[in-house]
Amino acid sequence: MAKLQDLARLVEGHVVGDGSVEVCRVAPIDTARSGDLTFLSNPKYRSQLTVTEATAVIVPPGIEVDGKTTLVCANPYLAFAKILTHLQGPQFPEIGVSSQAHVADSVCCGDSVSIHPGCVVGENVIIGDGTVLLPGVVIYDNVRIGKNCILHANAVVREGSRLGDRVILQPSAVIGSDGFGFAPDGSSYYKIPQVGIVVLEDDVEIGSCACIDRAALGETRIARGTKLDNMVHIAHNVQIGEDTVITAQVGIAGSSKVGNHCTFGGQSAVAGHVTMGDNITIGGKGGVTNNLKTEDAPQVLSGFPAINHREWLKAAMTFGHLPEMRKKINQLEKTLAQLQLEIEEK
Amino acid sequence: MAKLQDLARLVEGHVVGDGSVEVCRVAPIDTARSGDLTFLSNPKYRSQLTVTEATAVIVPPGIEVDGKTTLVCANPYLAFAKILTHLQGPQFPEIGVSSQAHVADSVCCGDSVSIHPGCVVGENVIIGDGTVLLPGVVIYDNVRIGKNCILHANAVVREGSRLGDRVILQPSAVIGSDGFGFAPDGSSYYKIPQVGIVVLEDDVEIGSCACIDRAALGETRIARGTKLDNMVHIAHNVQIGEDTVITAQVGIAGSSKVGNHCTFGGQSAVAGHVTMGDNITIGGKGGVTNNLKTEDAPQVLSGFPAINHREWLKAAMTFGHLPEMRKKINQLEKTLAQLQLEIEEK
Amino acid sequence: MAKLQDLARLVEGHVVGDGSVEVCRVAPIDTARSGDLTFLSNPKYRSQLTVTEATAVIVPPGIEVDGKTTLVCANPYLAFAKILTHLQGPQFPEIGVSSQAHVADSVCCGDSVSIHPGCVVGENVIIGDGTVLLPGVVIYDNVRIGKNCILHANAVVREGSRLGDRVILQPSAVIGSDGFGFAPDGSSYYKIPQVGIVVLEDDVEIGSCACIDRAALGETRIARGTKLDNMVHIAHNVQIGEDTVITAQVGIAGSSKVGNHCTFGGQSAVAGHVTMGDNITIGGKGGVTNNLKTEDAPQVLSGFPAINHREWLKAAMTFGHLPEMRKKINQLEKTLAQLQLEIEEK
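Residue numbers (the numbering used here), protein chains in the order written: chain A, -11 to 334; chain Z, -11 to 334; chain D, -11 to 334.
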């Protein structure tokens, strides 16, 4: 429960109507009931404002709703997220170190750390204040984990990895698995030991079953604020910049570098040893095979190999006409040959 | 060991030959030995019937085999599956709640529940009769699991998820991980709490390392009888209908709706906020980007963006001719221009 | 620490310079310091040899470096891998069977086996000498594991699977999950019990969150020396040959056969019931839908459906020109029709 005027302060907005009303939940505009707070982030749903049962609505400036209390702020979607976080409170109660976890004596834990049953934490691990290890998490030796991280159930962090503050690992995420490196030895392959590490900087989130491979030598690094969705594959020695968003099932091959503020659509990919600049967006299923420099304007690419998105879209729309085009070309050749013959005969 | 006549009753078929013979195993037609039951689902393998060592063969009506006992039934493949299930018996012996599992006091278990060592089950979880949790399964708080479910090793079910009866999770499946939702906050991203849940209805099966994200608000729902293969990604707020089959490495993006009896080939995908009707098949690697309505006849689509499968196939077969086509077009332009010139000169 | 002359013996090379110098680490040529050994595998980086601070350099025959001690051998990359392995030493100290692991009484362990806390090992499992099970590994009943295997944290091996010697499973790899098999039963699906097994031969490596499904009947088999990267999906009854390399997020559908010494680029796929010969390379995102025979020379295919790689590359480069080509064809048709008209009128 929170008073609307307190929530307004939280999100740097102001209340139009009675700021003392209390809300207990945030709900979508079409299912909100009395006591709920809802939000209008897309003006096209404005007509729903008059019928929603919600007690109050978060709106952008310039939207007035007769007989409805509104919380006006510049970015309603962000305000919704912040209020939701506030109302949710701490996700996992502090439980300390469970007697049913297996924590090496040399582990160094900060204040308010929670280690749930079934976790295994190796030698010389450092865990920062307020960090939570949900059940079944395995931390190998010599890992450093920052403050207020959440490592969900069955996540694995292998030896020597370094996680910053507020890092979130979804369930079964794997940090620091061996890079895929083999030296040909006659007709077989000899495994190249992967002795580098993984560094996840502050505010990085890694999705379920996503896998970040350790470097062969040196580091695989994901910079501050970058978010990875489920089943993303990051190969050894990859470097990813800040605030980059990588959606599900994307793969980035070995030693590639991705800039800041890039966005990857689902199932897209980057080949090995490629360098991409900042502010580049790769469409779903796209595949980057060449270095990409940042232009002044943000760049969007699609297709495989990835080309300018608009060009790709036009080409993709034409793709279904290929057989008809081929037929026409053959027909044109015949017609033209015949015409040439006619002219020669004249 | 089972008598053929008893198996015939089980599958609503009848025996031609000696129904009292006993079989102990089901085996493929080319490796079956004496004592085995085999099956003919595809008539093109009919010639193998005469050489198989199997004691008896499941056949469709109208197939006679000299000197071989047959079990005749309408759907031999289904009969084979049912007999295999019968001969296999219960897969996991009932073991009760292991003293080496960590089960909260508030957990409510039905009859004949098995919880293996290394499982962790949170507060207020309800587990139905006959359900089995294999080792290392982690269940967060407030989860409801129906009857006769099998949750394989290291599967994770996050808070508030609801599983129906006879749900199967393969190893390391993840149910209820956070949806991938972030609100832009200047140049960074602010995590949107994902406070919705996941609902898996009766008879749903989820493959290994498949990930079903919880809704931002509301539900992510997979309806009765739908089967997901390994490493399928289902994003937040997705709704999937009944008896839909989704093969490995498919991704369905946020808030999309998929109908009943749909089929997805490997590595295919659906973009966000798309609605697909019933009885639609998407070919391997296909990508759906627009709403698809069910037509009277079943629909098959392929390619990215997905188009009619036959058209796509023809276009895909023409794809390799693109350079030759381009050359021909340029040649035609030249020839035509020259011809125009010749005519003008005449 | 190792003397260079001893390392030379290990890799069948020889030292030019002082063989008694000691090195303690292998480092990349641009970051190597005094005390480090570095390597030159690609002659294009030769200029860096004069500036590197490394104590010694592994080089191929014919490369001389003024004032620098060199270890000359035929295959510097392989030598680098072998020396790295030697300097690394055993990765995981022998710890025996942890009292915090849950190991059935019927398990048969060889010498020097390590079973870490939180592992669960089922009935009648056989584990060979020197094998290591990291924390959280779950082994179902009747599994056989060879010598000197490493099973990383939270890997799962289901019932009856057989692993050869020196097999490596990265974290959360899943071996022996159910194949995806269902018999249509009216409008629903009936699960076909998957009663076959998985066999991983000697020296196989399986990446993080990769899933190898058990056979319906019979075996799914991955032959000696084959390496799978993260999140690879191998369906039921697949057979993969020796020394084949399958990079991340590849999917091989049911009952397909892949030969020896094949290579798969990231996110490529093989459809079900396809047979591929030896020495075939499939490019990233490629999809094999037909049987492929080995030719005398190694074969490279790309695209979906996969075609000769060079042809695909040319066609892919032409793809963006499709709209322009279509426009030209339409223009040609018009121009030609007009020309025909003109000629007729003459």
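In case anyone wonders, no lab produced these hints; they're calculated from the structure. Just so we're clear, the structure is a prediction, and the values are computed from it rather than from any experiment. Be careful, since some hints might not be right.
Intra- or inter-copy, both count: the list cannot distinguish identical chains.
In silico DSSO-like cross-links for lysine-lysine, where the CA-CA straight-line distance does not exceed 27 Å [unchecked claim]:
#1 135 <-> 179
#2 315 <-> 56
#3 281 <-> 56
#4 135 <-> 56
#5 334 <-> -9
#6 32 <-> 179
#7 -9 <-> 56
#8 245 <-> 281
#9 32 <-> 56
#10 322 <-> 245
Right, here's what the structure says about each hint:
For the identical chains of this complex, residue 135 and residue 179 are inter-copy neighbours only, at 17 Å across copies versus 35 Å inside a copy, given an alpha-carbon limit of 27 Å. For a Cα distance limit of 27 Å, the shortest separation of residue 315 from residue 56 qualifies neither inside one copy, at 63 Å, nor across copies, at 55 Å. Proximity of residue 281 and residue 56 under a CA criterion of 27 Å is satisfied in neither setting, with 49 Å inside one chain copy and 38 Å between copies. In this homomeric assembly, residue 135 and residue 56 never come within 27 Å of each other (Cα to Cα): the closest approach is 41 Å inside a single copy and 46 Å across copies.
With identical chains, the CA atoms of residue 334 and residue -9 are never at most 27 Å apart, being 94 Å at best within one copy and 89 Å at best between copies. Taking the shortest Cα distances, residue 32 and residue 179 sit within 27 Å of each other only across copies (24 Å), while inside one copy they are farther apart (57 Å). For the homomeric pair residue -9 and residue 56, the shortest alpha-carbon distance inside one copy (16 Å) is at most 27 Å, but the shortest distance between copies (73 Å) is not. Taking identical chains as interchangeable, the C-alpha atoms of residue 245 and residue 281 lie at most 27 Å apart only when both belong to the same chain, with a minimum of 11 Å there against 37 Å between chains.
In the homo-oligomer, the alpha carbons of residue 32 and residue 56 lie at most 27 Å apart inside one protomer (18 Å), although the nearest pairing across protomers, at 70 Å, exceeds that limit. With identical chains, the CA atoms of residue 322 and residue 245 are never at most 27 Å apart, being 51 Å at best within one copy and 45 Å at best between copies.
The structure fails hints 2, 3, 4, 5 and 10 (numbered hints given earlier, in ascending order).
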